[in-house]
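Asker: Each residue of the sequence shown is one higher than the last, beginning at 1 in the numbering used here.
Just so you know, nobody snuck in bad clues.
Calculated pairs, PhoX-like style, for lysine-lysine (alpha carbon to alpha carbon, straight line, at most 20 Å):
| id | residue 1 | residue 2 |
| --- | --- | --- |
| 1 | Lys335 | Lys466 |
| 2 | Lys413 | Lys249 |
| 3 | Lys402 | Lys413 |
Please keep in mind that the hints were generated in silico from the structure rather than gathered at the bench.
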Amino acid sequence: MSSSTEPGQSGTASASDGSHLARNLSNRHLQLIAIGGAIGTGLFMGSGKTISLAGPSILLVYAIIGIMLFFVMRALGEVLLSNLEYRSFADFAGDLLGPWAKYFTGWTYWLCWIVTGVADVVAVAGYVAFWFPELPLWIPALGLILVLLVLNLPSVRNFGEIEFWFALIKIIAISALIITGMIMLLNHFQLPDGTPARVGNLWEHGGFFPNGFGGFVAGFQIAVFAFVGIELVGTAAAETENPHRNLPKAINSIPIRIVLFYLGALFVIMTVTPWDKISPDTSPFVAMFSLAGLAIAAHVVNFVVLTSAASSANSGIYSTSRMIFGLASSGDAPKGLSHLNRRRVPVNALFFSCVFLLSGVVLLYAGQSVMEAFTLMTTISALLFIFVWSMILASYIQYRRKRAALHAASNFKMPGGIPAAIMVYIFFAFVLWALAQKPDTAVALIYTPLWFVFLGISYLFVRRRKIAAGIKE
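Could you put together the complete structure from these sequences and hints?
Answerer: Below is the structure:
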């Protein structure tokens, strides 16, 4: 890692050093980036499917996942703040676990967001078609990529502003749903078939676990993917003002956001409409607003999910460009990708990632068979996120062993320490087992190792080239 301080020592980049990213993200940017990362499009469009699988126990599913990933985020926060020369978790993985870890973590994270970004480009085209069915799909897809590229080029503050407003739209939509649902619950609203809204709907329709343990496990198969991107705040830390103050605030508020936005929304949905009357094929947000008499409910929710998908694509462009910049700075990617413009934005890395996002435009016309393969790839991407989260925990464990003095001096220690990290690893093993129970996700488990075989082979070539060039790892 290229650094002006020794590994393990706290430091901060000089503002005048043109080789460093600029710390131009304010506290409000980081807080909303954390919210945007914690609230996925799946909450709006996929929660009907998760409810149909797990019933009311989906509340417990989301709570468990949220608790486990909070520990991951606290581990990430403690290690990042131990050395402000770390630009991302790939940097501290390389420092604490070895050069191979930075290479594997950085490129895996890049692939995660490229595949997710391609999915978002396809999704945005579909959402625009809701209003303009005659418009060729390639126009909104290409338009999204160009707009996000142009907005991200001037400065990192632009990214922060875009995410701020995108996240605000999510917050307003979910808050409106919760308030609407609570009013309906308190007024004993009745469905068209006469079923009243009441808290008892959580256990009066087959119990809290209506589909048994199998249904409870099936909820994890989908719900875990809704949290993809929660670690984005760690990528943004290198460009954040006063990270010692702002990063802990963003991470510590994650449990509150999960309780409010995930559990709060699902609670009112299932108390107003019993779980067995919720369609798995439509958004329960549309159904709730429609019941409340909002005639344009479908248009409102379509707008929200469109901005949510655009927000995710924006996060993908940002995070992949910063990860590639870090890899290029240490010789693990072509050197030209480490170039910063005068505003210290990695422009070449931005263009590099956007080129790969263009494959989403191609997929729009590729046919059903390719879309099935694409669904497989998005599942693989989610599995790779679990790998990235695991590398964060592995780095934390090594940090505790190698940097005991820094841990002792930390003001942001991970609660539970190493035993908590081991507990999260056990949970990840459970999730992998759960994914193996379903044919389409089990196939993804078979194909995912191919990526690591490819990385292993490419790393040998990169390492040989770095040794020949005299680049110190």
